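There are 2 protein chains.
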Amino acid sequence: MNPQILLVGTGAVGGYYGARLSQAGARVSALCRSDYDLVKKNGIAIRSVSGDYHFTPEKVVRAVDECRSEPDYIIVATKVLPEINIPDTIRKKVFPKTSIVLLQNGIDIEEPVASAFPENELISAIAFISVSRPEYGLIEHRDYGSIRLGRYPSGSSEKIELLAGLFRKGGVPCEIDSDIVTARWRKLMWNAPFNPISVLAGGADTREMAESAPALMLARKVMEEIRTLAEKSGHPLPPSIIDGVIESALSMTPSKTSMLQDYELKRPMEVEAILGNAVRIARRYDVHVPHLDSLYGLLSLVDKKNRKV
Amino acid sequence: MNPQILLVGTGAVGGYYGARLSQAGARVSALCRSDYDLVKKNGIAIRSVSGDYHFTPEKVVRAVDECRSEPDYIIVATKVLPEINIPDTIRKKVFPKTSIVLLQNGIDIEEPVASAFPENELISAIAFISVSRPEYGLIEHRDYGSIRLGRYPSGSSEKIELLAGLFRKGGVPCEIDSDIVTARWRKLMWNAPFNPISVLAGGADTREMAESAPALMLARKVMEEIRTLAEKSGHPLPPSIIDGVIESALSMTPSKTSMLQDYELKRPMEVEAILGNAVRIARRYDVHVPHLDSLYGLLSLVDKKNRKV
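Line by line, the protein sequences are chains A and B.
Using my numbering, the first residue of the first sequence is number 1, and each one after it goes up by one.
Using my numbering, the first residue of the second sequence is number 310, and each one after it goes up by one.
Some hints could be false.
Claimed, not checked - These stretches of chain B come out as covered by chain A in the derived footprint (C-beta under 8 Å, 3 or more residues):
(1) 455-467
(2) 512-518
(3) 608-617
To be verified - A short list of chain A residues far from chain B (calculated; beta carbon distances all over 12 Å):
(4) Y36
(5) R47
(6) E58
(7) K92
(8) R133
(9) L138
(10) S146
(11) E161
(12) G170
(13) D177
(14) P236
(15) I242
(16) S255
(17) Y263
If you are wondering where the hints come from, they were derived from the structure by calculation, not from laboratory data.
Predicted model, so just to flag it, every value in this text is computed and none were measured.
In this text, a Cβ means the ideal position worked out from N, Cα and C, and glycines have one as well.
Produce the entire structure from the sequences given, and follow the hints as far as they go.
Below, the structure is given as structure tokens:
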């Protein structure tokens, strides 16, 4: 039988991957907030480099308890922001059989959900995709699109294999990673320097950052700090990863980071998920992270000002 | 006899203090660049909290050798930017009797001039003033206005006393400081954190910075690094200075830093004079200054982008 999926959040990432799972035959309901009316009426149009698709969720709801079914998976694809309480949002639809999937950015984002639902399987998932939602109900998929997932804090399961199979059936390159936390640290090697720098530099794209010696030097220092934190918390990354990330930055086509997109649209930025959590991990292990501290201090102020505008 | 002064740069600071010296009876000629036509025709209008004044330079020139007299003082009041070569600009009017006054921002800005003219007296001067040039030929003086000066690298002289006397006669509170380099470090305690943060935070005024805990924490870290550099280079400052600067930031009426004003007007910022030189001093003494490095890396990129716009 096709699994019941409750998708929480139909922004760029949620809308895109929800559509792929629906294409693969899963029964996907969607929790919407600001885009509720539009998605309820029209569904979600996906304009993708790999072909357009129209995603009509089985049910569109404003609160999870409007769904009648017991979901096999709840996929949380909201941004990670202090004002979004994920356990409270999903609690009424977390049944013993429900696996919770966090398809979100950042580091150490699993803990609040893991401790709220200790009996449920928690799946951590990372998207590698260039996608945006220019308007409600419309998703533009420009490049990439793979996903990497695994059981939190480690391992895999049959249900994870089932989900990975569904993603693949929907055309999503998907890898199961039994050490998903290390994978998050690896992604943070890119996100922690380049997302903040792109905003703090007054709106620099990946090319402008890669061509600026001072920006790259700072990025390198931030990556060294992240690598130290990863190692301290039991997820060592090889030293060569830093050059690898820099090289990929240099060879990329110019694009705007997700944080820069949020900033320009006056949306809240994932400052805490990407920088705040890293800084808190540093405090926990008593590691000195002055470059991360600097970016965090500046970006907190920018985010606060940006939300007020 | 009233001294001959050649004023290089008639921006906000140069225009204001040149006017005061002229009021005091000095014979002030002015070197102008972009504002040459306007100043030549109309002079400079000073709108000041302590009364308006019209400053008509004795001569307005485009290059120093258009002046016929041998100046007793050359007062350099340009911004400190890599593209402005001060020794080349003034060379033809530096006579044995000429004292060179650097009325400019930043740290370690004296060296290039000191080594170009080793036989001349070099006077280093710091302005504490809230002043702007909303348009060519118009200076708005809003608050403060004192000046502190001394011989570089230390000491005083009769000519310095004469100049201080002229400033005072023109209504400028003026103190001679026989340890002017320490005074520059003291001013840098304010400039090094708050000028860059105001720009990098997306345009924060002094109040917004003072009310942001992350911004203040970062400012404090930067000040600790500056204090270490000052001490290493032989100009120790008391630890209490940090709380003092923070308190003054908290009690100030909200205003825009000079760097933020430059940024908003798409003018070059004094990144090198304020941050670059501090970072280079850190390298010289092998001091680790990660917070200064972070601000410097980001601000270099912002300045480069801002100049291109």
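Against the structure, the hints:
1. Taking a C-beta to C-beta cut-off of 8 Å, the region 455-467 of chain B contributes 0 residues in contact with chain A, too few for the three needed, and the coverage statement is violated.
2. Counting residues of the region 512-518 of chain B whose beta-carbon sits less than 8 Å from any beta-carbon of chain A gives 4, enough to reach three: the coverage restraint holds.
3. Three residues within the 8 Å Cβ limit are the bar, and the region 608-617 of chain B against chain A gives 6, so the coverage statement holds.
4. Non-interface status of Y36 (chain A) relative to chain B is upheld: no Cβ of that chain comes within 12 Å, the nearest being about 31 Å off.
5. Look at R47 (chain A): its CB is around 31 Å from the nearest CB on chain B, clear of 12 Å, so calling it non-interface holds up.
6. Non-interface call for E58 (chain A) relative to chain B: holds, since the shortest CB-CB distance, roughly 42 Å, exceeds 12 Å.
7. Residue-level check passed: K92 (chain A) sits 36 Å from the nearest beta carbon of chain B, beyond 12 Å.
8. With 12 Å as the threshold on Cβ separation, the claim that R133 (chain A) sits away from chain B holds: the shortest Cβ distance comes to roughly 24 Å.
9. Its beta-carbon lying about 28 Å from the closest one in chain B, L138 (chain A) satisfies the requirement of being farther than 12 Å from that chain.
10. Consistency note on S146 (chain A): stated as away from chain B, and its beta-carbon is indeed over 12 Å from all of that chain's, at 30 Å minimum.
11. Residue placement check: E161 (chain A) keeps its beta carbon more than 12 Å from all beta carbons of chain B (closest about 43 Å).
12. Taking the minimum C-beta to C-beta distance to chain B, about 39 Å, the non-interface status of G170 (chain A) holds against the 12 Å cut.
13. The claim that D177 (chain A) lies off the interface holds: its Cβ sits roughly 32 Å from the closest Cβ of chain B, which is beyond the 12 Å cut-off.
14. Against the 12 Å criterion, P236 (chain A) stays outside the reach of chain B, whose nearest CB is about 23 Å from its own CB.
15. The claim that I242 (chain A) is not at the interface with chain B holds, since no C-beta of that chain comes within 12 Å of its own (minimum 16 Å).
16. Every CB of chain B is more than 12 Å from the CB of S255 (chain A) (nearest about 16 Å), matching its label as outside the interface.
17. In this structure Y263 (chain A) is not separated from chain B by more than 12 Å, as the shortest Cβ-Cβ distance comes to only about 8 Å.
Violation of the numbered hints given earlier is confined to hints 1 and 17; the remaining hints are satisfied by the structure.
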